[in-house]
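There are 2 protein chains.
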Amino acid sequence: MSHLLPVELPKAYRLLNHGPTVLVSSAAHGQRNIMAAAWAMPLDFDPPKVLVVVDRNTLTRELMEASGVFALQAPSTEQAQLTMDVGTCSGRDGDKFSQLAIASHVGSVIDVPLADGCLAYLECRIIDEPHNQQRYDLFIGEVVAARADSRAFSQGRWHFEGDAPRSLHYVAGGSFFATGEAFSVNGSADGE
Amino acid sequence: MSHLLPVELPKAYRLLNHGPTVLVSSAAHGQRNIMAAAWAMPLDFDPPKVLVVVDRNTLTRELMEASGVFALQAPSTEQAQLTMDVGTCSGRDGDKFSQLAIASHVGSVIDVPLADGCLAYLECRIIDEPHNQQRYDLFIGEVVAARADSRAFSQGRWHFEGDAPRSLHYVAGGSFFATGEAFSVNGSADGE
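First to last, the protein sequences are chains A and B. Just so you know, we're using full-length UniProt numbering here: the first sequence kicks off at 1 and counts up by one. Just so you know, we're using full-length UniProt numbering here: the second sequence kicks off at 1 and counts up by one.
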């Protein structure tokens, strides 16, 4: 994991700003899980907060509510099949990390298993909002640690070049878009 | 606008599922406005709901709260400068549609001005959640009408090919990613 470098927290929103599909990791009472979520995005800059929609019938939901924490991961184009696979089986039918042979490491702050090889990791503590959780399956997390693969994200920006792995954007039925070409228009100079 | 076709509401989430940056239109008491938002995503399938973060200091916020409605638009790569421009000036300093010469049409159900030439339009009624709005600048909308450019979205899927306009993913400081190449992995056959 030598390419992983910390991302300063006020820039952590940049990891999700372009709308990538994520993986959600969770763990509690001796169980662990990982699922895919197309519905995740930043909610605030500093302290950074994120939103993620997690269906009430999932094991991930149960583990998140038991532990009060979760982690988001931005998988790469090389992990598209993995993203699809963890999104189409249930952790209730057996440990996905074992069944799918997913190499993992533990978060730097949060005790959840993270899939090796992702482009970015955001470790989050749940800001408890029972109404959102119960009515909309919507969770708010405060990002307490963020790291990214320095080959793809540096100086607060994603840099995807040529055939190097890119982030993913889920469509449906196993179809994805890769994050595409970067381009600029006239904008503010401060990078905001 | 002859290429615009209705999108059936249970498929409306597909317009935002891949995480594009959007424009937000609003109107109330004789004023109208349009702004950019990187933080918008689906919240539910059917009836379709969306989330969008709208800062409390914006005119858009004031108009949304006065009218109870808004519309999201998915701009194309050809509209990146427009997206940047409406995101960096305030409607409080004058009508953006006039100042930026934005051609527009009125929503099919909601009375807000929509920028011509976008790839998709989602017209929404606000589901009032005062706590989310006040604490997190977070709005929930129920999508009551959806349309898309049939050259880019048909049969419930985006189809971006070659040099045709694509949707946008905002980075920062005037930088964007275009939606990239489509690819598939082994997945569920039902398209879900």
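A few of these clues could be false.
Below, a sample of chain B positions facing chain A; criterion: calculated Cβ distance under 10 angstroms [unchecked claim]:
(1) ALA40
(2) PHE97
(3) LEU100
(4) ILE102
(5) ILE126
(6) HIS131
(7) TRP158
(8) GLY162
(9) SER167
(10) HIS169
(11) GLY180
(12) GLU181
FYI, nobody ran anything at the bench for these hints, they're computed from the structure. Yeah, the Cβ is synthetic: ideal placement off N, Cα and C, and Gly gets one too.
Check: What hints, given by number in increasing order, does this structure fail?
Finding: Hints 2, 3, 4, 5 and 8 not satisfied by this model.
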